[in-house]
Every structure is written in C-alpha cells, then in structure tokens.
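K.L.:
Given only the sequences and the hints, what does the whole structure look like? Please build it.
Number of protein chains: 2
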Amino acid sequence: MQRYFLKSAIEVVPEQTFELTGDAVHHWLTVMRAQPGDQAEFVTIARDVAVGTLVTATKAAATVQVMSVTTPQVELSTPVMIACGVSKGDKTEQIVQRGTELGAAGFVFFDCQYAVAKWAPNKRARKLARLAKIAESAAEQSHRTMVPTVSYQPDLATLVTAVPHAASVVAWEESAKQGEHSQLVQTLQQLPTGEPLLAIFGPEGGLTPAEIETLTAAGVQPAGLGPRIMRAETAPLYLLSAVSFWRELV
Amino acid sequence: MQRYFLKSAIEVVPEQTFELTGDAVHHWLTVMRAQPGDQAEFVTIARDVAVGTLVTATKAAATVQVMSVTTPQVELSTPVMIACGVSKGDKTEQIVQRGTELGAAGFVFFDCQYAVAKWAPNKRARKLARLAKIAESAAEQSHRTMVPTVSYQPDLATLVTAVPHAASVVAWEESAKQGEHSQLVQTLQQLPTGEPLLAIFGPEGGLTPAEIETLTAAGVQPAGLGPRIMRAETAPLYLLSAVSFWRELV
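Residue numbers (this note's numbering), protein chains in the order written: chain C, 1177 to 1426; chain A, 1177 to 1426.
I should point out that these hints are in silico values taken from the structure, not numbers from a laboratory.
Wrong hints could be hidden among the right ones.
Quick list of in silico lysine to aspartate or glutamate cross-link-like pairs, DMTMM-like style, CA-CA up to 20 Å [said to hold, decoys possible]:
#, chain 1, residue 1, chain 2, residue 2
1, A, 1183, A, 1251
2, C, 1303, C, 1266
3, A, 1353, A, 1380
4, C, 1303, C, 1331
5, A, 1353, C, 1424
6, C, 1353, A, 1251
7, A, 1294, A, 1269
8, A, 1264, A, 1380
9, C, 1264, C, 1287
10, A, 1353, C, 1251
11, A, 1183, A, 1199
12, A, 1267, A, 1380
13, A, 1294, A, 1380
14, A, 1353, C, 1217
15, A, 1267, C, 1266
16, A, 1353, C, 1316
17, A, 1303, A, 1199
18, A, 1267, C, 1269
19, C, 1267, A, 1266
20, C, 1309, C, 1217
21, C, 1299, C, 1269
22, C, 1309, C, 1199
23, C, 1353, A, 1316
24, A, 1353, A, 1389
25, C, 1353, C, 1380
26, C, 1264, C, 1331
27, C, 1267, C, 1312
28, C, 1294, C, 1380
29, C, 1353, A, 1424
30, A, 1303, A, 1269
31, A, 1303, A, 1266
32, A, 1353, C, 1224
33, C, 1353, A, 1217
34, C, 1267, C, 1287
35, A, 1294, A, 1331
36, C, 1353, A, 1224
37, C, 1267, A, 1269
38, A, 1183, A, 1195
P.N.:
Printed below as a string of structure tokens:
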C-alpha cells in the first residue's frame, strides 16, 4: 500500500476524517490516480500509521477517512546520525537512499580536505532539498515511521559540536589496519538505549591525520569496521547493518 | 598500490622473478603505464600477496621481481554464498560490487516466479562474465585475497542441492513481520568457523509462499533481518555486514 508522511500535526482518529494537503495529494491523486474508496497509509508526526480511505478530492486537497491506527515499532532503538564527507556523482544520494532503508535517523554532509567534490554554496540548498526528497521516498518504501533528516556542516569541528550525540565513532582505515576491532562493539555496549550515536565517515579520499586528531580531541573514537577496505558509500551501510543486528536481532 | 589476481598457480618467492601474463599485463602496462621499477601487488591462488617490481616487459608478458610476500587475513571466517533472484537494471551488478567489498565468498543468481527480469539463455554466459569482472575489480579495490565466484542456477531446488553449504537461511519479509528475529543469530552461533553459509534473497517481487516451502523443505531457515523493508539489493549487504560484525568485531 502507498505510504505518505503527513507534514503538519494532524490527529488521526478511527472513523473520523482529515484533510490531506501538500505534495501527497498530487502524488496520490494524479500520479497514483487514486479514486474515492482507494486506500493508502499515512504516517503522522507522532509516528502513528493510519490506513485511510479517499472520500472526496479536489486538486489541492483530499478528504480521507481513517480506517485504523497502529503504532508499529520499526525504528532503531539507537538513533544513528551518519556524517559523510561530500562525495562526487550520485554517491551522496546512494548513502541517503540505502542508509534510510537501513534505519538511519539522519545524514550530515561535511566539507573536508580530501573531498573530491565540493558543494558550491549557491547550490547547497538545492542539493539538500533533493537528498531530503530521496530520504522521504526511501522512508515510504521501507515502511519507516519517520523521515531521516539531511543537513550540512562546513567542517568536522563544527559538526561534532552541532550534531547532538551521546557517543561517536569515526570509521578509520588505519584503525582497522592496526587491528582495532572492538571499539564499535564497546561503544554500542556502553550506549544506553535511545541515546543517539554519531558515526563519521571520510570521503573517497579519506580523512587526513589532522582531521582524525580534531575528532579524537573532541572525544570521537576511531573504530575499525573489519579487515576489508570499503568504499566511502559502503562503510555507512555496514555500520547501520551492524547496529540493527546488535540492537534488533542479537 | 594497484593489485592484481594471478590466474595460474605461480609461486612467489622473495627476490625471485615470475612472468606475469593475461589481462593484468595489459592493464598494468597500457592502462596504468607502468615503467620498469614500478610496483604492484599480486595475489596468488594460495592467497599470498606479493609486492612486485616490474623488471622488463613485452606487450604480452612482464617479468616481475618479488620484493616481499605476506599472507594477510582479510577473508571472512564464515564463507558466505549470496544467492539472489535475477534482478533488472544494474541491481545484480550492485549486489556483486558491494557484496564483494563486504566479503562475500560468491554469488549465485537464480530464476524464480516473481522475477521482474529474466536472463535470456543466450545472454547468460555474457552476463556472468561481466559480473565476474566486476567481482574481480571490487576484490582488487577492497584488498581481498580471493575473487568471489559468480554463477547461475535455474531454480531454487537445484540451487540448494548444487551450492555446498553447512547452514542456510532465506531472508523473508513475512518472517520479519511475524517478529522473527533470532534465526540469523542462532544460525551463526551454531555454524562452526570455516563452514559455508548459504543466504538466499528474493528478487524485487519477493519469493512466493511455494518457493519458501521448497526452501524450508530443503532445510533452509527463514530469517528476519529487522523490522524495516529493504530492497532486494540492500538485504544481502545487511547480511554480509552482520556476519562480519559478528565474526570479526564482536
């Protein structure tokens, strides 16, 4: 069933109706060609999921009758913020799309020394808007009950201060080469349920020793993610899978 | 440093030379423009890694002097065979590329009922050859010491018989919906180190209940991979990350 995220604080009560507005109306009525009687799922800001039936529609709004309301638990009990160096091509899009499927709470992109790509300041807002769209669409498809946030920070020092977290790791190849393999597990073991984890990843070119120093001075722990070299856009997927496995399956 | 997999059983002994032949010669000399004195890494069939210096070269062969030989342990201690329904577009390529980075021992693609794509029999060999190339190139980049195999099986029943394994799971959405979340952990706990795991994933359209029945009758365990819906090409990455996390970090 098609799923939409409600952008305003709408209360969904079984048997009552609500007015659907915004992009979802266009998508449901025009793209999906919904007719009165058709159903879709609507996720509220409070993460409730309502199954709704289309009652009547104009071009800009639709009246939807609520059939049922549930509160599925599909979000990671450890909110994970994925911070990545700006990458070229569609790598940032891939990180957001797959990372959303794997349960990320949000994504932060940052400028750094070895970044192959730079986001021109005048294009930044447009890029973030596009990534936010990708996150929303991936969240719908993976039946999430929240849309991950997407934001930008100019550098690592600012990022560590600006992004709230209770624990933080940076994936560092040198760590892995030196045989470091217990930091991620330790961090997860010590992190209380519900507290956010900030996980930082370099761009294709990696982070510089100076950048790693900035991070460790700020309390971020270098962590190895196994003995194989992963590309910049694969490492965040490994981390998210590991957190899900640890918190949801083990 | 550029890395090449040796295709024939060449013994690498420090200070001695060997003849490099095949595709690697073309790539190293013509694409990378190697000159005498330049170095590269050469992985033997026995998974030793030799650093070699180019001594002399013709168009078809190069003489390489071995500088050092190491035997890095970068392969998963649980060989994982990833079996996926044939997918459309570049999804099979993505599975092979990223799955190789994440340590897969091999990939098997199979035909099934809800597959959106079919491999025409006359194109199958070409598709497999292309995927094998992608696996090799990803194995070089991720510093693996083996190239994952790529093969095809006509259906699930044949696949389960043909692919050697000591344990097997099938990722099944319905399993996850019913709250199944301990099978993968149980399977990993019971599987002796070194024994191969076969992990089966449906195509975009999923597997049919009859296909799941065929698998369970053959001893394959349905396993949930957390409460979020993953796309066909993301689920294998989750599983490989989870196996690495469990075997290499925990």
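K.L.:
Hints first: check each against the structure and report whether it holds.
P.N.:
Status of each hint after checking the structure:
For the proposed pair residue 1183/A and residue 1251/A, the alpha carbon gap of about 19 Å is at most 20 Å, so the pair holds. For the hint linking residue 1303/C to residue 1266/C, the alpha-carbon distance of about 11 Å falls within 20 Å, and the restraint holds. Between residue 1353/A and residue 1380/A the CA atoms are separated by roughly 17 Å; this keeps the pair inside 20 Å, and the hint holds. Between the alpha carbons of residue 1303/C and residue 1331/C the distance comes to roughly 17 Å, so the proposed pair stays at or under 20 Å and holds.
Between the alpha carbons of residue 1353/A and residue 1424/C the distance comes to roughly 13 Å, so the proposed pair stays at or under 20 Å and holds. Distance hint between residue 1353/C and residue 1251/A is fulfilled; the C-alpha atoms sit about 14 Å from each other, no more than 20 Å. For the hint linking residue 1294/A to residue 1269/A, the alpha-carbon distance of about 15 Å falls within 20 Å, and the restraint holds. For the given pair, residue 1264/A sits about 9 Å from residue 1380/A by alpha-carbon distance, which is consistent with the 20 Å threshold.
Between residue 1264/C and residue 1287/C the CA atoms are separated by roughly 12 Å; this keeps the pair inside 20 Å, and the hint holds. A distance of roughly 14 Å separates the Cα atoms of residue 1353/A and residue 1251/C; the hinted pair therefore holds under the 20 Å criterion. Between residue 1183/A and residue 1199/A the CA atoms are separated by roughly 10 Å; this keeps the pair inside 20 Å, and the hint holds. Between residue 1267/A and residue 1380/A the CA atoms are separated by roughly 10 Å; this keeps the pair inside 20 Å, and the hint holds.
Proximity of residue 1294/A to residue 1380/A is assessed by CA-CA distance (about 13 Å); at most 20 Å being required, the pair is judged to hold. A threshold of 20 Å between alpha carbons decides the hint, and for residue 1353/A with residue 1217/C the separation of about 17 Å falls inside it, so the pair holds. Taking the CA atoms of residue 1267/A and residue 1266/C, the gap is near 15 Å; set against the 20 Å cutoff, the hint holds. With a C-alpha separation of about 17 Å, the suggested pairing of residue 1353/A with residue 1316/C holds against the 20 Å cut-off.
Note on residue 1303/A and residue 1199/A: the hinted pairing holds, with a Cα-Cα distance of about 19 Å set against a maximum of 20 Å. With a C-alpha separation of about 16 Å, the suggested pairing of residue 1267/A with residue 1269/C holds against the 20 Å cut-off. Of the pairs offered as hints, the one joining residue 1267/C and residue 1266/A holds, with about 15 Å between alpha carbons and a cut-off of 20 Å not exceeded. With a CA separation close to 18 Å, the supplied pair residue 1309/C and residue 1217/C stays within the 20 Å bound.
Note on residue 1299/C and residue 1269/C: the hinted pairing holds, with a Cα-Cα distance of about 15 Å set against a maximum of 20 Å. A hinted pair counts as satisfied when its Cα atoms are at most 20 Å apart, and residue 1309/C with residue 1199/C qualifies at roughly 11 Å. The straight-line distance between the Cα atoms of residue 1353/C and residue 1316/A is roughly 17 Å, inside the 20 Å bound, and the hint therefore holds. As the CA atoms of residue 1353/A and residue 1389/A are separated by approximately 17 Å, the hinted pair is consistent with the 20 Å bound.
At roughly 17 Å between alpha-carbon atoms, residue 1353/C and residue 1380/C fall within 20 Å of each other, so this suggested pair holds. For a cut-off of 20 Å, the pair hint linking residue 1264/C to residue 1331/C stands: about 17 Å separates their Cα positions. Restraint check for residue 1267/C and residue 1312/C: satisfied, since their Cα atoms lie roughly 17 Å apart, inside the 20 Å limit. Our distance criterion of 20 Å between C-alpha atoms is met by residue 1294/C and residue 1380/C, whose separation comes to about 13 Å.
A distance of roughly 13 Å separates the Cα atoms of residue 1353/C and residue 1424/A; the hinted pair therefore holds under the 20 Å criterion. Proposed proximity of residue 1303/A and residue 1269/A is supported: the alpha carbons are some 10 Å apart, at most 20 Å. Straight-line distance between C-alpha atoms of residue 1303/A and residue 1266/A comes to about 11 Å, which keeps the hinted pair within the 20 Å bound. Taking the CA atoms of residue 1353/A and residue 1224/C, the gap is about 17 Å. The hint holds against a cut of 20 Å.
With a C-alpha separation of about 17 Å, the suggested pairing of residue 1353/C with residue 1217/A holds against the 20 Å cut-off. A threshold of 20 Å between alpha carbons decides the hint, and for residue 1267/C with residue 1287/C the separation of about 15 Å falls inside it, so the pair holds. Only pairs whose Cα atoms come within 20 Å are accepted, and residue 1294/A paired with residue 1331/A is accepted, the gap being roughly 12 Å. With a C-alpha separation of about 17 Å, the suggested pairing of residue 1353/C with residue 1224/A holds against the 20 Å cut-off.
For the hint pairing residue 1267/C with residue 1269/A, the CA-to-CA distance comes to about 16 Å; that is within 20 Å, so the pair holds. With a CA separation close to 12 Å, the supplied pair residue 1183/A and residue 1195/A stays within the 20 Å bound.
Checked against the numbered hints given earlier, the structure satisfies every one of them.
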